[in-house]
Structures are given as structure tokens and as C-alpha cells.
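Chemist: Read top to bottom, the protein sequences are chains A and B. If you read the first sequence in the numbering used here, its first letter stands for residue 1, the second for the next number, and so on. If you read the second sequence in the numbering used here, its first letter stands for residue 1, the second for the next number, and so on.
None of these hints come from the bench; they were simulated from the model. Among the hints, a few may not be true.
[To be verified] Below, simulated PhoX-like cross-link-like pairs (lysine-lysine); rule was C-alpha separation at most 25 Å, straight line: (1) B:125 / B:147; (2) B:76 / B:230; (3) B:213 / B:230; (4) A:141 / B:9; (5) B:75 / B:196; (6) A:141 / B:147; (7) B:97 / B:5; (8) B:376 / A:138; (9) B:242 / B:230; (10) A:238 / B:242; (11) B:75 / B:213; (12) B:81 / B:147; (13) B:132 / B:147; (14) B:9 / A:138; (15) B:196 / B:76.
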Amino acid sequence: MVPAFPCRRRNNFMSDPTPQPSIVSLRNVSKVYRRGMQSLVVLESISFDIVKGEFLALMGPSGSGKSTLLNLIAGIDTVDGGTISVDGIDIATLSESDLARWRSAHVGFIFQFYNLIPVLTAFENVELPLLLTSLSRKERKEHVETALLVVGLADRMEHYPSQLSGGQQQRVAIARAIVTDPTIIVADEPTGDLDRVSAQEILDLLDRLNADSGKTIIMVTHDPRAAEKAHVIRHLDKGELQDVHP
Amino acid sequence: MFILKLLVKNALRHRLRTLLTIMGITIALLSFGLLRTVVTAWYAGVNASSANRLVTRNSISLVFSLPVSYTERIKKVEGIKGISYASWFGGIYINEKNFFPNFAIEPSSYFDQYPEFVLPADQKKAFINDRKGCVAGRRLAERYGWKIGDNITLKGTIYPGNWEFVLRGIYEGADKSTDEGQFFFHWNYLNETLRKTVPRRADQAGVFIISVKNPQVAAETSLAVDALFKNSLAETLTETEKAFQLSFVSMTEAIVIAIQIVSFVVIFIIMAVVANTMAMTARERIGEYAIFKAMGFRSWHIAGIIFGESLCITMAGCILGSALTYPVAWKFGQVMERFFPIFHVDNNTLLLDLLFSLLIGIVAAVFPAWRAINIKIADGLRRIG
Ligand SMILES: Nc1ncnc2c1ncn2[C@@H]1O[C@H](COP(=O)(O)OP(=O)(O)OP(=O)(O)O)[C@@H](O)[C@H]1O
Ligand SMILES: [Mg+2]
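So here's chain B without its partners, still in its complex pose:
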């Protein structure tokens, strides 16, 4: 009790200095937490991908599509549980600012491949039965205040014209990492129109989504699928969903690495700042430590006082920083929703905050403690007066 009181009182001796140091730690941990969350959000698609899913696309590029007739042939490949297909629609809701991913999908099979998109059975049925029906994620529906039965119009960019839909279902994510910001409608609705207007673009799908029975044989299955269409007009490239998602992210990998480096640099800088504070503090108190030692206190008592004070300061910063990370990340996520559909503070971030705070507190106290321990009592006493 006595010691704890002494630590806190010592820490508060230079109120402003301590306050500024705590603030520094708070801001450093806050930045660290946010940057880490950005990195996690960047990989959200990768992390949410299932090991049971494969994605088949045109081997030349994602820009080129594949004939839907491939469905039946792929289905026959050994080890495949289910298959569906989808096309990136790229429609705009009212204006460009309202970006969200929207796809034309095969309605009866698509959700079977995505068990993490939880859609109530009656809504699913209503969606399948309505040629103009559409399904939106919960967050997306909330953002625009959509209710079941609402009419929604998207302006096509890849497929010109105004496309009208009726909201038939709102899916929820099975867990926090599921993107609740997507929008789906009938592939057929798109295709019928294309048949009439641009027949050469009809009967095509952007990607096939394949569920496999056993993720261990995913590689073999992928090869088997691609072998089917070898030397055909539209060769395929099949890869795991994770690899497929990574191919998007890898384009921006350098940025992500830069962000990661910065997040650690921030920690390093604050470590130097706190170390400086502690060094100043200990230098001022060398005489006091000499008195403690003269009275018979041991080196580890002195070290305890210095480490304790340092940890008091960093832990105060840790508590504030960690506590603030949540509301700030939430606000940040709201503002950046367009770019980061999934923006959640990882629980590991809290753990890292705690670890780094401990580390900063210890590192900052090492040198002052070493000095205080090694100074001769007589020399320390000479500094007073």
C-alpha cells in the first residue's frame, strides 16, 4: 500500500510532464490500434475466405467472362459439393459516392456456397421466386434505410441502363468477419436483357464458385477443373478463394507493409520518449535514491520504485489508449465504410497494447534503474544541496 502510494505520488510529482507522457502513450497506442485495424480490414476478404471454396475465372483475366454452360461440366468433377456462378455488375445507387459491391448471381445455388451469409428461409424463397428480387446485407440495408419490399434502382456501368429491383431479403453475417455490405440479384434478370440487347455478352458468368467436400484435395480439384477446359476458347484458372482474394490485395501489398512498419515505428518513438522522461526523473532523484540506500534499502527496492513508476505511467496510457481505440475505430470505420466493409478492432490488438505498454515501461526504466543502482551512496549524497 505504502509503496503503491509512493509510486503514484512520485509519478505525479511533475504533473504536466507525466500527463504529457501518458497522453503520448495514449496517442501512440491509439495510432497503433487503428493502423493494425486498417491492415486487418485490408485483408478482411482474405480472412473471411473459406478453405472449402474455389473460384474459377477466365485464365486470361478477371475482365473476361466464362460461358455458364461450364457449370454442368464442372459439377461432374470428383470431390465437388456444389457450384454457383456470379457476375460483377458494378451498378451505382443514385450516385457514385454510394459504392457497394453488387453481383448478378444464380439465386438458387449461390447462398448454399456461402453459409456465412445467413438468409431466413422465407426471404430466400421470396428472392428466388421474384425475377426482379434482390438481397442486401444488413449493414447496407441499414445504411440506406431499405426495408423488405422496397424498390431499389441501380444505374449500370458495365451494363448500361437503369435496373430496377425489389428487396426480398436481408442477409446477416454468421460472425463479425462476414461482410454485410454486399448486394445480389438474379443473374437471369441481367442475362435476359443482354440476350435482347447485346447477345454476344449473354450466357456468360464472371466467376464460378465451387464448394469442395475436402479442402485437402482443393489443389487437385482445381487442376481437374482447369484440365476440362484446356485448349478451349475460354481457358479457366481455378484457385482457392483465399488465393483469389489475395490476388486483389497483393496489388497493394507495399502500402500494407508500409502501414505495418509505421505502426511499429510509432511504438518505438514513444518508447524513446518515455525512456527520456524516466531518465530525467531518475536523474533528479539520484540524491533521494542515495538516502534510501543509506537507510538500508536494497538495489532491488530502488529498481522497484523506478520500474513501478515507469509502469504506472505506461499502464495509465495503455488503459486510456486501449479504451479509446474502440470508439475511435468505430467512428473511423463509419467514415471509411466504402473502403473497409469490415472494420473491427482485433482482440489481439488489446493484447499487443498491453504487451507494448509493459515493454515500454520496462525498457524506459532499465537505464535509470541501472544508474540509480550503481551510483555510490556517497556520490549520490554529494549531489544534494
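Okay, chain A solo, but in the shape it has when bound:
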């Protein structure tokens, strides 16, 4: 993948005169949870764009709908109104099976609790998403090794999650997210369960992936330190988008 941003340009990012190609675009997205007679509006008329190579931080108080929004963009939840298109595809129109196929090709997931499969080694965990591709065993091995090398765990391939620290597990999870070379990486509080040092390592890693490989990253976080790494910070409150802080 060609890096969209060859150098760090955080400060002039939004003031760049040439319009950047937008990779994710949300238009009037709303999400409502219904429970019996009650309906809870979680997201209301959200519209914004994410440009290719952007590192976006979604912030906001607990319950403001950050995870919900992230899930919608990642295609694991469906909108109740509006459209979301990713790389030109309106994902709301995809059937469930097409959506699954789309996710496997275009989305890399990073979760707060790493969510590795405990009975599989680091190598096997990273290999998992590649099982859905047509890659040969040998090719898969190469991809997995590269991904683990990128996150600095080449020497821990045969370790099980229980034999790794939280920070290391999250790095395996990042390797799993990038091994398929997805269009976007979504991360829901990736440092939420880590101590400061490990959290910093994870943020540096995400930053590096964004800067060096031009990965588009959408990260939900509570941590201002984490948000600092982002180009763009968007605040959600009670389901509504606040001002953009570049």
C-alpha cells in the first residue's frame, strides 16, 4: 500500500488546500435501540468523512455511542438511518454474507481486551484471518511472520496468549488486524486495559503503522494521551458529534 502521507504533517493536515480522497464517509447516520416501548437514540444524524491515511480518535463520555459508531463503520452493526460508505462501497446495502466477506478484506479489528483465542499460539492467532483468503500455507506463513515482525514479536510466535503480557497480547492483536492488509483499522480503546508504558508502546506502534504504511486508523479512546497521537479528534456526546479538534 502506498503511504498517503509520506511525512508527518499533523499540523497542516486540515489546512491542506488539495482535498484528500475520503475513504470513509458517513451521512446522517443514526442508530436507535428499541427495548419494548422505549427507544433509545444512541446516534443521531452523524455526518463526517475520514480521509485515506487518517488517524482518527473518537472521544466522549461513557455511553455516548463511540463503540456503536465504530461498530457501524466496521460493518458489524447496522445503521437505522443514513449511509456509510467505505472505499466507495455503501456497506448498508451489502447482504450479511457479502458484509462478512467485505470485513475480512477491508477491516482490521483491535479490541480493548485483545480477544485472542486462548488455545491458539500467537502465530496461529495472527494466521486466523488469513484462513479466509486463498493464500497457500507458505504464503500465510510469510504474511504472519512479517506481521509479527512489524509488532516486534518475531520471537514469541509459538507462545500462547496466557504466556504473554497484556501489551504483548495487544501487539499480537494488532498483528492479526494488519495481516490481511485491510483498508481501515478500527480500535476500540486499545490501551484501555494497559499500564502506561505498555499503552505508550501500543500507541507508538499504531502511530508507526499510520505514518509508515499509511494505514487509516479509527480509534475510540478515553485517554487524552492516546488522542494526542491522532490527526483528528472527534468528540461524541449523547449521540451527537461535537466540533473537530485538529
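With chain A fixed as given, assemble chain B with the ligands onto it according to the hints.
Modeler: Relative to the frame of chain A, chain B with the ligands by itself:
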């Protein structure tokens, strides 16, 4: 390969739980196999009966006998190939514990009606020529260590006194379903003594065994035989050997049915147990399944993982249970030899073990798989942490 490894590793995640479940299946299949074998053993006499044979007995009851003079008259009935006769002797060898069926038979014709009792020609000749000769089944001879030429004494119960015999032949069964535990001696030997001691009991036979040329006309032949002795002092009842054997078994039919029901209840119970195990397992892993789905794995992948794990467990139980059925049934058969002369695990039992294991594995996985497939990814992810 990857998937198989995942299935096995998943199954071994809760070692104790899985082990106990496998043990449960093993024991269930073992009980099922044994109970089925008991039922088969119960019907061994019925199953071993030949469609070519008829049995004629006193129409009042088996307790009453018939005059042997009937032989000549029956022989003349259309469609009859051969005839012999026998009396239940009910002798005891040393003490009551050593029960085995023993009969006084007409030596020259009896084995012709029972081709499944294989007796070497020289032994048969020796038996016929010795008034005090007797023939025992191979298993019976093995049990008491009898060799040809040995003297064997039976204590009479119906016919008092000690009766001495010389073992002249050991028959073998033509196949596994043949009872190798019977004992035969000369009807004449018994009769001569009776003539001297209780003449009114002499010249009588318990049953006539008739071979017919064509089993299709067995019913007509039976009627023809019985018609011969209609309104005589001792009327006869002729039926196929199968019906004759069934009349013994039918007395205990309720027990057999109960055993059969229990054998299926056992399977049903273990099905519930395995289903519970799988439900627990899947509930714990709902979050993991959500991750799989988020990564793009499809419902059938998830279902495959759950069904695969369930089948891994039930198949392990199946292999152990089926394998253990043989030695356990063998030991059981030895202990229960007195009651079940034929105690063999039917090959169908293995097939049923396999079918039930598959069924248990599938049924147990249906609900967890359904749940895992239907849960929304976002909801599944929310369960983690
Ligand atoms: N399946 C659901 N059914 C009903 N309400 C839901 C469901 N999922 C989420 N919600 C509600 O939607 C709102 C937003 O939830 P969401 O998880 O997106 O918040 P969040 O901003 O990620 O919070 P946090 O920072 O605590 O993770 C909450 O009020 C939550 O209770
Ligand atoms: Mg959240």
C-alpha cells in the same frame, strides 16, 4: 489440519469437564451395548431356531409327554423329511449350581434334525453304539474339563437316581448363534430303566422334532400332524420351532421390554448431559465466536467449530464405549453363562453405538450453534471483559 487442531484444543480447554463427559458417553454406550446383548441373548433360542423344524408336544402342556409310538404315524405325513424325539431330563451335575440343559434323545436320528450341531462322524458312531454314551457341547465340555471317554454322572430330579454316562462325542456349533452348552444321551437308556421301575412313565417322549421339506407348508404340515391324534388320549400341538421357543420367552416379555426401554433411556440421558456440556461451553465462548464473525468467518464456520467439538467428544466416547463393550460383555457372559448360553455382542450394536454417538453429538450442538449463529456481533463483543 488447523481446524482439527482447534477442535481438539477447544475440547481440551476444560479437561475435567470433557473427560467426565467422555466417560459418561462411554458408560452409557457400554450399558446400552450390554443391555442389548442381554435382550439378544434372551431371544437366542428363538433366533437359533430353524424355519425347517417343527416341534410336536402334548396339547395340554409341555409337562405331559406323548407315546413314542406316534413316531411312525407322524413320519407318514406329507412333506416330512425326518423326525426324532427327546425328553427333558433335568439332571444335575454334582450340585444345583452346575445347571445345563440335558436331554434323553433318540441317538440315530436326533442330530440329523439339527445340522447346526456339528458332531464328527466317528464320534457320532461311537455315541450311537454305546448305550450309556453321551454327547456334550464344546463349551460345556470346556467348562468342566471333560474329555472323550470320561465318566459323567448326573443326578436325576424328574427321574430319581444317579445316572452314569461315558462322553462319546463333543459337538460344535455351526455358527456363533448355536448353543454349545447342551448335553444329550440315549433315550433308550432312560426308557429301559423306567420300564423296570415306573412302567407307566415308559415309552414316552417329551417332544417330537420334525424336519419339513419346505418351510412354506409348515403350517399345513403342523395341522396334518395334529389331525392324526385328534380325539386320542394324548392330543398333540405342533408348531414351528420358533413359535415353540417364543412360548418360553413370552412369559418374560415384559422384562425384556423394560430392558429395551432402559437401554434407550440411557442414551437419552447422556444426550441431555452432553447437550448441557456443549451449552455451557458455547455460552463461555460467545465472545470468541463474535470475534470470529467480526473477522469475516461465516455462520457455518462457527457452526462447524461447535458441531466439530461436540462430535470430537462423542466420538471419543463412542470409540471407548464400543471397544470396552466386547471385553465387558465377554466377562458378563462368563459370569452369566448359566442364564445366557449364547452371549455375543451383535454387530448391529456397534453400528447403533456409532449412530447414537453421531446423533448425540449433533443434537447436543444444535442449540449452542443456533445461539452462536444468531447472536449479533456487537452483542457478543459486549460480553467480553
Ligand atoms: N444492544 C444494545 N441494546 C440496548 N442499548 C444498547 C445496546 N448497545 C449499546 N446500547 C446503549 O447505547 C449507548 C451507547 O453505547 P456504546 O457502547 O456505544 O457507548 P460508548 O461510548 O462506547 O461507551 P464506553 O465509553 O463506556 O465504552 C449506551 O447507552 C448503551 O447502553
Ligand atoms: Mg465503548
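Chemist: A separate judgement is required for each hint: does it hold in the structure or not?
Modeler: Results for each hint:
Distance restraint check for residue 125 (chain B) and residue 147 (chain B): the Cα-Cα separation of roughly 17 Å lies within the 25 Å cut-off, and the hinted pair is therefore satisfied. A C-alpha spacing of about 16 Å is found between residue 76 (chain B) and residue 230 (chain B), which places the hinted pair at or below 25 Å, so the restraint holds. Only pairs whose Cα atoms come within 25 Å are accepted, and residue 213 (chain B) paired with residue 230 (chain B) is accepted, the gap being roughly 24 Å. Note on residue 141 (chain A) and residue 9 (chain B): the hinted pairing holds, with a Cα-Cα distance of about 21 Å set against a maximum of 25 Å.
Proximity of residue 75 (chain B) to residue 196 (chain B) is assessed by CA-CA distance (about 29 Å); at most 25 Å being required, the pair is judged violated. A threshold of 25 Å between alpha carbons decides the hint, and for residue 141 (chain A) with residue 147 (chain B) the separation of about 72 Å lies outside it, so the pair is violated. Of the supplied pair hints, the one linking residue 97 (chain B) and residue 5 (chain B) is violated, its CA atoms being roughly 55 Å apart against a limit of 25 Å. The hinted pair formed by residue 376 (chain B) and residue 138 (chain A) fails the criterion: a straight-line CA distance of about 34 Å is larger than 25 Å.
Restraint check: the Cα-Cα separation between residue 242 (chain B) and residue 230 (chain B) comes to about 23 Å, which is no more than 25 Å; the hinted pair holds. Note on residue 238 (chain A) and residue 242 (chain B): the hinted pairing is violated, with a Cα-Cα distance of about 84 Å set against a maximum of 25 Å. Between the alpha carbons of residue 75 (chain B) and residue 213 (chain B) the distance comes to roughly 12 Å, so the proposed pair stays at or under 25 Å and holds. Between the alpha carbons of residue 81 (chain B) and residue 147 (chain B) the distance comes to roughly 34 Å, so the proposed pair goes past 25 Å and is violated.
Restraint check for residue 132 (chain B) and residue 147 (chain B): satisfied, since their Cα atoms lie roughly 16 Å apart, inside the 25 Å limit. Between residue 9 (chain B) and residue 138 (chain A) the CA atoms are separated by roughly 23 Å; this keeps the pair inside 25 Å, and the hint holds. Proximity of residue 196 (chain B) to residue 76 (chain B) is assessed by CA-CA distance (about 31 Å); at most 25 Å being required, the pair is judged violated.
In terms of the numbered hints stated before, the structure departs from hints 5, 6, 7, 8, 10, 12, 15, listed from lowest to highest.
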